[in-house]
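Asker: With these hints in hand, go ahead and build the complete structure from the sequences.
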Amino acid sequence: MSTPVKSIVIVGGGTAGWITAGRIAAKYKANPANISVTLIESLTINIIGVGEGTWPTMRNTLIKMGISETDFMRACDATFKQGAKFAKWVDGTPNDFYYHPLMLPQGFSKVDLPPHWQAKFSHQSFSDAVCFQEQLCEKGLAPKLITTPEYASIANYAYHLDAVKFAEFLKNHCTKNLGVRHLLADVTGVISKENGDISALSTATLGNISGDLFVDCTGMSSLLLGKHLQVPFVDKSDVLFIDTALAVQLPYADDESPIASHTISTAQEAGWIWDIGLIRRRGIGYVYSSRHTTHEQAEIALRKYAGSAVDNLATRKIPISAGHRKLFWKNNCVAVGLSAGFLEPLEASAIVLVELSAEMIAEQLPACREVMDITAKRFNETFLYRWDRIIDFLKLHYILSKRSDNKFWVDNRNPQTIPESLQELMQVWRYRSPKNCDFTSNNEVFPAASYQYVLYGMGFKMDSAYLDHSRAPTDEALAMEQINLNSNAIKNALAKLPTNRELINKIHKYGFAKI
Amino acid sequence: MTTLVALNSKKHHLLKIDTGEVESQGGHLHMVPVVLTEFAKLSLQYPIVVTKNQDNGRFTCVTLFGLEKGENLFFNGNEWNSIYLPLQIRRQPFFLGKSEEDDKRVICIDMSHASIINENSMLKENGKKLFNADGSETQYLADLKNILAELSEGENTTQLFIQELLSMNLLQPMQLQIALENEQSFRVDGLYTINEQALTKVTSENLISLHHKNFLHPIYIMLTSIGHIYGLIDKKNKRNRNV
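Chains A and B, in that order, are what the protein sequence lines are. In terms of my numbering, the numbers along the first sequence are unbroken and rise by one, the last being 515. In terms of my numbering, the numbers along the second sequence are unbroken and rise by one, the last being 243.
Worth flagging that the hints you see were computed from the coordinates, not collected in a lab. Treat the numbers as computed from the prediction; the structure is a model and nothing was measured. Cβ atoms here follow ideal geometry from the backbone N, Cα and C, with glycine treated the same way. Careful, some of the hints might be misleading.
What the hints assert, rightly or not - DSS-like, lysine-lysine: derived pairs with alpha carbons at most 30 Å apart:
1. Lys509/A <-> Lys52/B
2. Lys52/B <-> Lys514/A
3. Lys201/B <-> Lys514/A
4. Lys98/B <-> Lys509/A
5. Lys496/A <-> Lys52/B
6. Lys496/A <-> Lys201/B
7. Lys496/A <-> Lys110/A
8. Lys236/B <-> Lys145/B
9. Lys145/B <-> Lys514/A
10. Lys64/A <-> Lys201/B
Unchecked claim - Part of the chain A face toward chain B, derived, beta carbon under 7 Å:
11. Ile146
12. Thr147
13. Tyr510
14. Ile515
Answerer: This is the structure:
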């Protein structure tokens, strides 16, 4: 006798909850196995609603849920994001910046560009020499035209969005089009089975809600996985020091103010400030290490960055802790979103981890309880690997900085705070560029190209004595050709693409066609 | 710069239009928007396809005279080698506008258009008059009004036609990779046509709807007219040979 998994109960009505509900419900909508998806949203707890940056993966997530891009962009105040600009991370001087764009370097699969770039083209920044997207961002241009079909692109893109509106939009879509049952209740207790599985959740107003698989999307409280199942939190604040966010929403001067086409991340004395442009406002926040600065100083830094427009606006302080649960799936409960863990939003890893989790749950949903522990084991292995890789990649941004205006930066370079896996990679990369062979798992999050953008953007150089080691002379012409192709791509793109604001206005007026 | 004014029998009673110039102006276009009522006539020579308006992304039916911007393979620099000229070319320099006072439709004229012959012009002998000496309309103007009316009504029907095609998923992007005999090869992007496969799978319900709206005929005309793209390539090859 086996016990089929038919009823999925998700707790939490934020981004994580609704993306998970939507992916599972869309996958099994027409399935005769009658898989039901229920989402319980709290009456009293508001969603955190600060996650505003996505990855390009979001396009596929929306397609899989059957959502029109026009509808999504209109409802969620969404704008285009073509990467991140890191300002003042190297030495803090006014012209100190680099880009991590969303496209691979030109000819990435054909030729190993970095050694050629370092030898001959390093008067130009790496990302500008090998990718046309930096110029689009610098000029505030959109990644496509109004004639480009929905979800298609000229330059690869992700979104910035209003997380509160996004949750509301997904709620509507999931309940109206995907058959998700939406319950409003506060979970007051958990009823367990003998084997430790969750049998049902008790609520004050709707009685007991039973299910076969429970998804914990309760945010930082981690109600089911953390509190009930007692899965411990693995603290990573010894690697990533940031523990507080201070956020404010800054309205634009007028309706036609330019909208940045990328996330701007500006290093500060004890952390960095994110700056995300939506349609009507910018979302700005200082994430800092309270071990290295005071709340008062952080407030001053944020207000200095935002300018007088926020003089009368209140900031919102959110305590955060870097780290993740020791397991993400235990018994018949899996955590998605902040209940699984949190990392500073330096590379917008929060929502993409939600998408990856929701996808894996939807694609590998165990048919019955008997095989669930195997799925759980795989899920845990996959996501522990992913969290570790993300932590490495985030740390990479700090270890190459030359800043010493605060101990925050000095401490970040202390080898004892750098994961061994990253230290090993850094040693290898002294003699050659990051390559796909460095990242061979099926579960990689950041490709080798991302490491190249950050390394060379931060001014890292390969040992010049060994440069010829990886610089095949036969590739020189090929490398030159890629650099030329890129400069042509820049010219073509600048000539035809509208500004981010212009395209957003047109999307609201006309919309994209499906073809 | 275009200068648009409402047509007025007093103000414009001496104005003449050089119809040869009207045709020459159209000779520099590689495509023009067309309406359903002209499909049958267009299909004698030109491909009829769908493209998107560059400003708003909306679909519109067009007929092709060439394969790249500015190329018109039916115009040799002096005259058109064609049986039928689309309404959109013949209507120049007139179009329908809205009156500022009562929102009624009025005929407007583009006074900067090269076909306008004003009263002082040396070319006064040529050209078509708009008004007779007694102030009444000439046959030329009456014909033009019919063209404008057909276009205006046709644009609405053509939009409905496109909406129907979209809602039934009957449109698909064209993959046009063209190789000329001089070994030049290029891609033509941004054109759409009927998805023949999808058309064979249209439900009976949708088929009846298309039939009742008189949309079946234009669908098949569009499909057949695609063959004229080979005609364009042939003309382009010949033109290249003569250069």
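Asker: Are the hints correct? Go through all of them and say.
Answerer: How the hints compare with the structure:
no.: 1; hint: Lys509/A <-> Lys52/B; verdict: 15 Å, holds
no.: 2; hint: Lys52/B <-> Lys514/A; verdict: 12 Å, holds
no.: 3; hint: Lys201/B <-> Lys514/A; verdict: 20 Å, holds
no.: 4; hint: Lys98/B <-> Lys509/A; verdict: 22 Å, holds
no.: 5; hint: Lys496/A <-> Lys52/B; verdict: 15 Å, holds
no.: 6; hint: Lys496/A <-> Lys201/B; verdict: 38 Å, violated
no.: 7; hint: Lys496/A <-> Lys110/A; verdict: 27 Å, holds
no.: 8; hint: Lys236/B <-> Lys145/B; verdict: 35 Å, violated
no.: 9; hint: Lys145/B <-> Lys514/A; verdict: 37 Å, violated
no.: 10; hint: Lys64/A <-> Lys201/B; verdict: 24 Å, holds
no.: 11; hint: Ile146; verdict: 4 Å, holds
no.: 12; hint: Thr147; verdict: 4 Å, holds
no.: 13; hint: Tyr510; verdict: 4 Å, holds
no.: 14; hint: Ile515; verdict: 6 Å, holds
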